[in-house]
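Here the sequence shown is numbered in the numbering used here, starting from 12 and rising by one per residue.
Hints were generated in silico from the structure; no laboratory data involved.
Among the hints, erroneous ones may be present.
[What the hints assert, rightly or not] Under the rule of at most 16 Å between Cα atoms (straight-line distance), these lysine to aspartate or glutamate pairs were calculated in the EDC-like manner:
| # | residue 1 | residue 2 |
| --- | --- | --- |
| 1 | K223 | E152 |
| 2 | K232 | D105 |
| 3 | K155 | E128 |
| 4 | K232 | E135 |
| 5 | K133 | D102 |
| 6 | K21 | D188 |
| 7 | K21 | E38 |
| 8 | K140 | E110 |
| 9 | K232 | E38 |
| 10 | K133 | E177 |
| 11 | K223 | E177 |
| 12 | K212 | D188 |
| 13 | K223 | E208 |
If you're wondering where the values come from, they're calculated on a predicted model, not measured in any experiment.
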Amino acid sequence: MYSFERYMEKRDALRMSIADAALKMFELLPWNDITRVIDMGCGTGVMALMLARRHNVVITCVDRDEGSLEALRNNSIHSGTDDRIEICHMDLRDVSSPENYFDMIISEGSVQIIGFENALGKWEGMVRKGGYLLIHTDSLEREKREMAISSNGYELMATATITANEWLRLYIGPLMDLIRSISCAGTKDAQLIEQLEQDWKDMSNAIGDADKMESVLYLCKKG
């Protein structure tokens with residue numbers, strides 16, 4: 012029988028299939044010069060754990076959801092990366108740091124909370140000159156966003172698009188199949204039931220708004 016923890020592991024594994032585009036972008040970066048990273052809206056830490064396994068970096072993981080952070084904490088212990096994962100329970104709008112402190116900022120789907128252009132301005136002081144910013148968000152207003160990147164002092168190094176079909180084939184479809192399978196088998200785990208219901212609702216809403224499902228990764232360098 013599935014537990015909440017096992018389900019979250021399976022869900023994160025599916026989410027990793029979408030992370031290939033980010034991995035290709037990371038290959039462009041000089042990791043010997045990157046030691047301090049902050050993950051804004053880290054969730055359960057799919058991106059942070061992926062980086063920690065591959066590179067010798069310390070990652071500050073920020074999220075306001077305690078359940079997601081607890082899952083990240085457990086996953087970091089199991090993967091042996093907990094000594095380089097710093098967990099911060101906080102709303103993104105309240106995050107601050109010393110000037111030019113981080114070598115890289117990652118925002119995996121969370122930039123909508125404060126707005127794309129607002130994030131560029133707010134985070135500019137947190138990343139050092141020559142540091143990097145990776146934003147993964149919806150594909151709306153691409154031309155306007157690329158202009159905002161330039162006007163806020165960043166160089167756009169690369170972009171990558173994840174199509175609606177890729178989201179459906181690699182993540183949404185398999186996740187909904189997993190939810191169906193667990194539901195048919197039955198479970199008494201209240202936490203798991205709540206998560207299944209929320210994820211099913213989120214995936215159904217995404218399918219119902221397929222025009223907005225496509226997403227883009229922007230890799231930027233601070234000038």
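| field | Enumerated hints in conflict with the structure, sorted upward | value | As far as the earlier hints go, 2, 7, 10, 13 are violated by this structure, in ascending order.
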